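Heads up: the protein sequence lines correspond to chains U and W, in order. When the letters of the first sequence are read in order and numbered with our numbering, they come out as residues 1 to 156. When the letters of the second sequence are read in order and numbered with our numbering, they come out as residues 157 to 442.
The set of hints was computed from the structure by calculation and includes no laboratory data. Honestly, I wouldn't trust all of these hints.
Short derived list, chain U residues pointing at chain W, Cβ under 10 Å [what the hints assert, rightly or not]:
no.: 1; residue: N2
no.: 2; residue: S13
no.: 3; residue: F16
no.: 4; residue: W26
no.: 5; residue: M33
no.: 6; residue: E35
no.: 7; residue: A83
Note that the coordinates shown come from a computational prediction; the quantities given were computed from them, not determined experimentally. Note that CB positions come from ideal geometry on N, CA and C, so glycine has one too.
Read off the chains here:
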Amino acid sequence: MNINLTLIGQLISFLFFIWFCKKFVWTAIITAMEERQKKIADGLDAADRASRDLELAQEKALERLKEAKQEAAAMIEQANKRASQIVDEAKDLARAEGDRLVVAAQAEIEQEINRAKEELRSKVATLALAGAEKILQANIDDSVNRKLVDNLAAQL
Amino acid sequence: MAGDTQQTGSEYIQHHLTNLTFGHTDHGWGFAHNAQEAAEMGFMAVNVDSLGWSIGLGLVFALLFRCAAKRATTGVPTGFQNFVEMMVEFVDGTVKDSFHGRNPWIAPMALTIFVWVFLMNLMDLIPVDVVPYLMSFAGVHFQKIVPSTDPNITLGMALGVFGMILYYSIKVKGIGGFVGELTLQPFAAKNPIIQAFFVPINLALELVGLLAKPFSLGLRLFGNMYAGEMIFILIAMMYGGGLILGAFGGVLQLGWAIFHILIITLQAFIFMVLTVVYLSMAHEDH
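For reference, chain U alone in the conformation it holds in the complex (with noise of 0.2 Å):
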């Protein structure tokens, strides 16, 4: 209990330990803290973005798929009217090929009728001069008889 040189020990080892924790323990502990603080702040700020990041990435994904489906319906639908345009097409053609045909045979049908009836004529006049012959058993100006046979076919 008595006051003695203690006092003075006690005084200088509070400096010393003082100065040794503020020298050799504090500013490197401190100096640590705060940089690990600042990295864990900084990995943080970095996953935030990332997030951010990929939440963008995404909304663009859906906008692109969004805008593919939207060609792609676009497509489909010019695909559709064209061939619907192009089987109209066809079915034109055809149509116009069929009438050309139908007329190409009427024509031919004409002329075939035309070809057999002057065969027709012609065969009716040769017969209906032998079978005058034969009736008339004369010596009939065969050239004034032929005009007026031919006179006569022509008006069948």
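For this one, chain U is given, so just place chain W on it according to the hints.
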């Protein structure tokens, strides 16, 4: 009881409260053989046990924390590293709360005080007879292992704090500012004659306030730890009083020790916070 054969209760207590003092006796330099001799040594003596344990515990603190500081990295801290960083963060937070100036010495000083005083107080939890008994085999008669129950130790630290208060008061405010703070308040007057009359009153009041800081700081810690130690000694006396009283003493010692864990932490914390507050006041320029 501490190796001696027959003691009365008061002798036992007296024995436990005597420091191992080294100084100049009538027979030359040596250890005091009793409290009387220690008192006669006067100021030129050293309480070897208090100072030894104090410096030893200070070295424990310094080396442990130095070890942690060496391994301090920005990576993930583990184990003891974590504990040290928690302490540092706690002290740093406390200092930032109550100290508003800029001084790189305050926080490490607060850490030193907190951990060191805590370690010194912690010695109180070692049963009072163990170390003195072991020491008696080595021929050492007295051993007080709790440095903070020695007023030399607590007042020594308080004196250091007082020195810092004076140093920073003068450094921040200048000698004129510091003297002004001591003499021109709390009573102030516009009339210089009345002011001159107030100066001695102010000086007396402020000096009392200033000197009360280190004394209250040192004596608070000393008083609390001394009282705690005394109760441990009184409880330890019950061990000599038979089986039932001894068992009761054991229960009491356990209870007091558990309660004392709170006290030693609290006292270390109070010493630290008051030091920071006093230095904060020293930094404030009115």
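(message) Restraint: F16 (chain U) near chain W, CB-CB cut 10 Å. Satisfied or not?
(response) holds, 8 Å
(request) Using Cβ atoms only, decide whether E35 (chain U) comes closer than 10 Å to chain W, and label the hint accordingly. (result) holds, 5 Å
(request) For the hint on N2 (chain U), just tell me whether its beta-carbon gets within less than 10 Å of chain W. (result) For N2 (chain U), the interface hint holds, since the closest Cβ of chain W sits about 5 Å away, which is under 10 Å.
(message) Can you verify the interface hint for A83 (chain U): is its Cβ closer than 10 Å to any Cβ in chain W?
(response) Check failed: Cβ of A83 (chain U) comes no nearer than 67 Å to chain W, outside 10 Å.
(message) Quick check on the hint: M33 (chain U) CB to chain W CB, less than 10 Å?
(response) M33 (chain U) check passes; min Cβ-Cβ to chain W is 6 Å, inside 10 Å.
(message) Quick check on the hint: S13 (chain U) CB to chain W CB, less than 10 Å?
(response) holds, 5 Å
(message) The hint names W26 (chain U) as touching chain W; please verify it with the least Cβ-Cβ distance against 10 Å.
(response) Result: holds, 4 Å to nearest chain W Cβ.
Comparing the model with each numbered hint stated earlier shows that hint 7 is the single one that does not hold.
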